[in-house]
Amino acid sequence: MAQPLGPKAEDALDFLATDSLLTEDEVMLRDTVRRYVEEQINPYVGEWFDEGIFPHEEIAKAIGQLGLFGMHLEGYGCAGSSAMMYGLACMETEAGDSGLRSFVSVQGSLAMFPIWAYGSEEQKQEWLPRMAAGEAIGCFGLTEPDSGSDPSSMRTNAKQDPGGDWVLNGAKMWITNGSIADVAVVWARTDEGIRGFVVPTDTEGFSAPKIERKVSLRASVTSELIMDDVRLPAAAVLPGVSSMRGPLSCLNEARFGISFGAVGAARSCYEAALEYAGSREQFGVPISSFQLTQQRLVDFMTRVQQGTLVAYHLGRLKDQGVLGPAQVSFGKRQNVRMALEVAREARSVLGANGITTEYAPARHMNNLESVYTYEGTNEIHTLMMGQAITGQNAFT
Amino acid sequence: MKVVVCVKQIPDPADPGALDPETRTLKRDVKLILDESDSYGVEMGLQLVDNAGGGEVTLVSMAPNNEQSGLRTALAMGAASATLISDTELIGSDALTTAKVLAAAIKDQEPDLVIAGSESSDGYTGTVPEMIAAVLDLPSVTAAKSIEVGGDAIQVQRQTDAGYDVVDCPLPAVISVTAGVVEPRYPSFKGIMAAKSKPLDEKSSADLGFAADAVGWAGSGQEIVDVAEAPQREAGEVIEDDGEAHLKIVEFLENLKVI
Chain L
1 MAQPLGPKAE
11 DALDFLATDS
21 LLTEDEVMLR
31 DTVRRYVEEQ
41 INPYVGEWFD
51 EGIFPHEEIA
61 KAIGQLGLFG
71 MHLEGYGCAG
81 SSAMMYGLAC
91 METEAGDSGL
101 RSFVSVQGSL
111 AMFPIWAYGS
121 EEQKQEWLPR
131 MAAGEAIGCF
141 GLTEPDSGSD
151 PSSMRTNAKQ
161 DPGGDWVLNG
171 AKMWITNGSI
181 ADVAVVWART
191 DEGIRGFVVP
201 TDTEGFSAPK
211 IERKVSLRAS
221 VTSELIMDDV
231 RLPAAAVLPG
241 VSSMRGPLSC
251 LNEARFGISF
261 GAVGAARSCY
271 EAALEYAGSR
281 EQFGVPISSF
291 QLTQQRLVDF
301 MTRVQQGTLV
311 AYHLGRLKDQ
321 GVLGPAQVSF
331 GKRQNVRMAL
341 EVAREARSVL
351 GANGITTEYA
361 PARHMNNLES
371 VYTYEGTNEI
381 HTLMMGQAIT
391 GQNAFT
Chain H
1 MKVVVCVKQI
11 PDPADPGALD
21 PETRTLKRDV
31 KLILDESDSY
41 GVEMGLQLVD
51 NAGGGEVTLV
61 SMAPNNEQSG
71 LRTALAMGAA
81 SATLISDTEL
91 IGSDALTTAK
101 VLAAAIKDQE
111 PDLVIAGSES
121 SDGYTGTVPE
131 MIAAVLDLPS
141 VTAAKSIEVG
151 GDAIQVQRQT
161 DAGYDVVDCP
171 LPAVISVTAG
181 VVEPRYPSFK
191 GIMAAKSKPL
201 DEKSSADLGF
211 AADAVGWAGS
221 GQEIVDVAEA
231 PQREAGEVIE
241 DDGEAHLKIV
251 EFLENLKVI
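Residue numbers (the numbering used here), protein chains in the order written: chain L, 1 to 396; chain H, 1 to 259.
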């Protein structure tokens, strides 16, 4: 018979025994990614954040060997995992840093997914195996300087000349991995609607300057994409889609991963606060013995566990093929809000030490400001859910 | 090249549990994991097979309670198959009995090379690899930091206090590997999924021809008569710097004969 679970110290990190909702394989994958992050990322990521660097070559190789790039896709060197496993990988990578999870989810959900879902056989063969192995990096160009939450107002355009070549003009903004990418999936307005283009980044007329002076996602490469008469062969277009459905379906994949990832970041903040509160003494006793601190710690734990349950439930729905976009909005909106609140309060448990990158909470807090905004702002997800429950469109 | 790697599944050192007051041995009724010190042997075996351009790594483990999770980890790293010897008769086996049982399982496989960690992270007897070699009448090289295969022999760099010895050894042989000499790979996602369908052969000690009184408490020649808490480290000496502290530190080090 199962033993009743009491509030023992060793259950502090999984109070509701949520591991019991996972299969053995899922636990093993989760533990492997967790170990990788603890050994290879956590000791260094504070410094990367300070210096504004992301050692992408080394990390791409390691993540490729772990098999996490495009892991939820089938064939072409991809692992064909469940959505749940992809979510768990996002949870553990974001427990390290939102920049690391962004690197993995942009590669898999935003760059590989459209090639896999809408690409020609030649495009798949050319890019997916190398991207799965981490030998080629991808980025995704949808957002523009003047086109964020309303992507269909994009100005980037592609015109097909009589010889069949496409000529791409325009600019994209806030593009994760842009300056380090070997290939960009760029969405552009055409006479036939919104089309996706597979653009090798060494094509003439393409450039990707890095965006500096960020206070968030500093251990991540964020770029502009500038396309000045970029000439592409007819075969560069993604043949499978010619509407906003294309980019939005990619975002839906990535947002699903963020529902998990944000919980990882929140868990990391909670763990940091719990550990700190247990060792920091004031008035002759650990601050974890104070009622006000305990209330905070219990609140973090509760919210992290709730977020975990939401993420796991979305994972199971997605694997059953019944997860709708507004339900993904539920996870993205709620779990990121939760994580941001936990990060801010966890920072204050750490007092002055909490404002340094010696500890994780302030770094997560700053990162989560980006996560709150990207992949559909908090407001956009609110409106998607509002539309879902009222039947009324409040976007304009 | 066929390499057998001996792996032990141990209680998680982060949550090691307790000693059984009656037997004075570690309780093993918790979930067991792959001993990290064996992950180096697994990695070395996988690298040797890769370099040889063919062959496989198989695992041999003895564990109570049919524990498999540590073996699954090593299979997910890339080992081809595993043999688990597990039955209640084996509980209480000492190092020599363990070596006899493992040797019997290894012999069936006729390997070119047997690799084991120098010592386990829970029992620390540090004798099983050499005992296996003795039981199988094979040469034994201890504390290997690297192994190079050349035809029917290997050249081993053997860690010593002063540096390392270079030892030539004919195959088959039993080599113990020092922790930390290679970087064990993380199991890949594909490896984790593949591990589920890799052969894991479960055997009892009787299957290997051992009578019940030849293994476990009954078969062991050793008894743990006492265990004691490790003594607390004594407080160090604090030298206040009154301008002469460096002289006291030099004197202290001279007394220790380290300078």
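Incorrect hints may have been included.
[What the hints assert, rightly or not] Listing some non-contacts, in silico: residues in chain H with all C-beta distances to chain L over 12 Å:
(1) Thr23
(2) Leu247
(3) Lys257
[As the list claims (entries may be wrong)] Restricting the straight-line Cα-Cα distance to at most 27 Å, the calculated cross-link-like pairs of lysine-lysine (DSS-like) are:
(4) H/Lys196 to L/Lys61
(5) H/Lys190 to L/Lys61
(6) H/Lys2 to H/Lys145
(7) H/Lys2 to H/Lys190
(8) H/Lys196 to H/Lys31
(9) L/Lys124 to H/Lys190
(10) L/Lys61 to H/Lys145
(11) H/Lys248 to H/Lys2
[Claimed, not checked] Here are some of the chain L residues that sit facing chain H, going by a computed Cβ distance under 7 Å:
(12) Leu21
(13) Asp25
(14) Met28
(15) Tyr36
(16) Gly67
(17) Ala79
(18) Gln294
(19) Val298
Just so you know, the hints here were simulated from the structure itself, not pulled from any lab data. C-beta: ideal position from N, C-alpha, C; glycine also.
The hints, checked one at a time:
For H/Thr23, the non-interface assignment is confirmed: its Cβ lies about 23 Å from the closest Cβ of chain L, beyond the 12 Å cut-off. The Cβ of H/Leu247 sits about 36 Å from the closest Cβ of chain L, beyond the 12 Å cut-off, so the non-interface label holds. Interface exclusion of H/Lys257 from chain L stands, the closest Cβ pair being 36 Å apart, more than 12 Å. Using a Cα cut-off of 27 Å, the hinted pair H/Lys196 and L/Lys61 holds, with the two alpha carbons roughly 25 Å apart.
Pair hint H/Lys190 plus L/Lys61 holds up; C-alpha atoms about 15 Å apart against a cutoff of 27 Å. A threshold of 27 Å between alpha carbons decides the hint, and for H/Lys2 with H/Lys145 the separation of about 20 Å falls inside it, so the pair holds. With a CA separation close to 23 Å, the supplied pair H/Lys2 and H/Lys190 stays within the 27 Å bound. For the proposed pair H/Lys196 and H/Lys31, the alpha carbon gap of about 18 Å is at most 27 Å, so the pair holds.
Between L/Lys124 and H/Lys190, the direct Cα distance comes to roughly 20 Å. Compliance with the 27 Å bound is thereby established for this hinted pair. Of the supplied pair hints, the one linking L/Lys61 and H/Lys145 holds, its CA atoms being roughly 26 Å apart against a limit of 27 Å. Restraint check: the Cα-Cα separation between H/Lys248 and H/Lys2 comes to about 59 Å, which exceeds 27 Å; the hinted pair is violated. About 17 Å separates the beta-carbon of L/Leu21 from the nearest beta-carbon of chain H, more than 7 Å, and the hint is not met.
Because the smallest distance between the Cβ of L/Asp25 and any Cβ of chain H comes to about 6 Å, under 7 Å, the interface hint for this residue holds. For L/Met28, the interface hint holds, the least distance from its beta-carbon to any beta-carbon of chain H being 5 Å, beneath 7 Å. About 5 Å separates the beta-carbon of L/Tyr36 from the nearest beta-carbon of chain H, less than 7 Å, and the hint is met. A cut of 7 Å between beta carbons decides the hint on L/Gly67: the least distance to chain H is about 3 Å, and the hint holds.
Against a cut-off of 7 Å between C-beta atoms, the interface hint on L/Ala79 holds, since the closest Cβ of chain H lies about 5 Å away. Annotation: L/Gln294 was flagged as interfacial toward chain H, and the flag is violated, the nearest CB pair being 24 Å apart, outside 7 Å. Hint on L/Val298 is violated. Least Cβ distance to chain H is approximately 23 Å, over the 7 Å limit.
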